[in-house]
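Engineer: Sequence:
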Amino acid sequence: MSDMMKVSSNPHVRSSVTTSNIMMWVVIALLPAAGFGVYNFGVDALIILILSVISTVLTEFCYEKFMHKKITIGDFSAVVTGLLLGMNLPSTAPWWLPVLGGIFAILVVKMLFGGLGQNFMNPALGARCFLIISFPALMTNFVTDTYTSATPLTALKNGEEVVVIDMITGKIPGTIGETSMIAIVLGACILIMLGIIDLKIPGSYIVSFVIFIILFGGHGFNGTYISAQLAGGGLMLGAFFMATDYVTCPITVKGKYIYGIILGILTGIFRVFGSSSEGVSYAIIIGNLLVPLIEKFTLPRAFGIRPAGRKEENKA
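Under the working numbering, the sequence shown has 228 at position 135, and the numbering climbs by one with no breaks.
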């Protein structure tokens, strides 16, 4: 995989673009959102991001060194995992939380399943879900010197009014990398223009989520409510940077659309009917687990191969 631009269904086209090139661009594309998070929450956010990246890179290096495997930290995949994990944490998290999450993401989710290309779920999201289950109070503490109120999605779920423009620009409480919709979309545009990702998954994800919210959100076609749901939480970060992970998303065109629709519906279910105001992480994790089934039914059939169980027609 390291010598290919991406994994895809046939026909296969070789490219000189390597995994390290792709991951470097992903890091660059994440910098606007990460940088705004540091600006929004201060030096505490920067420390969380640095600790998260260091823990993921060191864990991968130590594991491969101890197991006498090829050192692969040069492909920058561990850096991407660490950066995404840090961006999914609150700036109020204690120093050991990103370290523990980074170790779990690389050691448990990635390396124990064979390393890059073998993990069955997104490592950063797997670690985030592990931390939410293990330390819910720490993972949902967004009270800082600047922000003392609940997140906009929580306020929205409680029937309170929110300021959508603040949610779009990012001057709201939340995790480090999810607050600014503008910064996230800016980074996504970089990846789209470079051809690293396309709009099949994020587009079908967002559209299906909007349709679900209109039908079951209880507000109908309310532009303010829909905009707040799109700008709040980790929807945009998840749709463009985590749902599109080459390893854990389908490789077929039909599969990508089905996958995106499933993510949109699951996110809507968690947000509308769940006890939490968020649901992107769990939606993507469940979607990752469904990818083998999606690919089973969407892989193109080889020319001349009869479907299993079909009886041969009688010859005249």
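No wet-lab data here; the hints were simulated from the structure. A quick note: this is a predicted structure, and the numbers were derived from the prediction, not measured. A hint or two may mislead.
Said to hold, decoys possible - Label-pair distances were calculated between CB atoms; the ranges are:
1. ILE166 to PHE228: 24 to 32 angstroms
2. ILE164 to ILE362: 35 to 43 angstroms
3. GLY210 to HIS161: 34 to 42 angstroms
4. THR241 to LEU392: 50 to 58 angstroms
5. TYR132 to ILE304: 31 to 39 angstroms
6. GLY311 to ASP259: 32 to 40 angstroms
7. ASN114 to LEU382: 43 to 51 angstroms
8. VAL278 to LEU231: 36 to 44 angstroms
9. VAL278 to VAL256: 13 to 21 angstroms
10. HIS161 to GLY296: 42 to 50 angstroms
11. VAL300 to SER369: 31 to 39 angstroms
12. GLN211 to CYS155: 32 to 40 angstroms
Stated by the list, open to error - Here are the simulated lysine-lysine pairs, DSS-like style, with alpha carbons at most 25 angstroms apart:
13. LYS293 to LYS250
14. LYS162 to LYS293
15. LYS347 to LYS293
16. LYS264 to LYS250
Cβ coordinates follow ideal geometry from the N, Cα and C atoms, glycine included.
Engineer: All hints are to be evaluated individually against the structure, with a verdict given for each.
Structural biologist: Evaluation of the provided hints:
A hinted range of 24 to 32 angstroms for the beta carbons of ILE166 and PHE228 is consistent with their spacing of about 27 angstroms. Checking the proposed 35 to 43 angstroms range against ILE164 and ILE362 shows it holds: the Cβ atoms sit about 42 angstroms from each other. Separated by about 19 angstroms at the C-beta atoms, GLY210 and HIS161 break the suggested range of 34 to 42 angstroms. Between THR241 and LEU392 the Cβ separation comes to about 51 angstroms, which falls inside the hinted range of 50 to 58 angstroms.
Look at TYR132 against ILE304: about 34 angstroms separates their beta carbons, and that is inside 31 to 39 angstroms. Between GLY311 and ASP259, the C-beta spacing of about 23 angstroms breaks the proposed range 32 to 40 angstroms. Checked against the hint of 43 to 51 angstroms, the C-beta distance between ASN114 and LEU382 comes to roughly 29 angstroms, which is inconsistent with it. Here the CB-CB span from VAL278 to LEU231 is close to 29 angstroms, at odds with the stated 36 to 44 angstroms.
At roughly 19 angstroms, the beta carbons of VAL278 and VAL256 sit within the given window of 13 to 21 angstroms. Under the hint 42 to 50 angstroms, the C-beta atoms of HIS161 and GLY296, about 44 angstroms apart, fit the expected range. For VAL300 and SER369, the hinted distance range of 31 to 39 angstroms is not satisfied, since their beta carbons lie about 23 angstroms from each other. Look at GLN211 against CYS155: about 19 angstroms separates their beta carbons, and that is not inside 32 to 40 angstroms.
Our distance criterion of 25 angstroms between C-alpha atoms is broken by LYS293 and LYS250, whose separation comes to about 29 angstroms. A C-alpha spacing of about 36 angstroms is found between LYS162 and LYS293, which places the hinted pair above 25 angstroms, so the restraint is violated. The suggested pairing of LYS347 with LYS293 holds, with an alpha-carbon distance near 9 angstroms, which does not exceed 25 angstroms. Simply put, LYS264 and LYS250 have alpha-carbon atoms about 19 angstroms apart, close enough for the 25 angstroms limit, and the pair holds.
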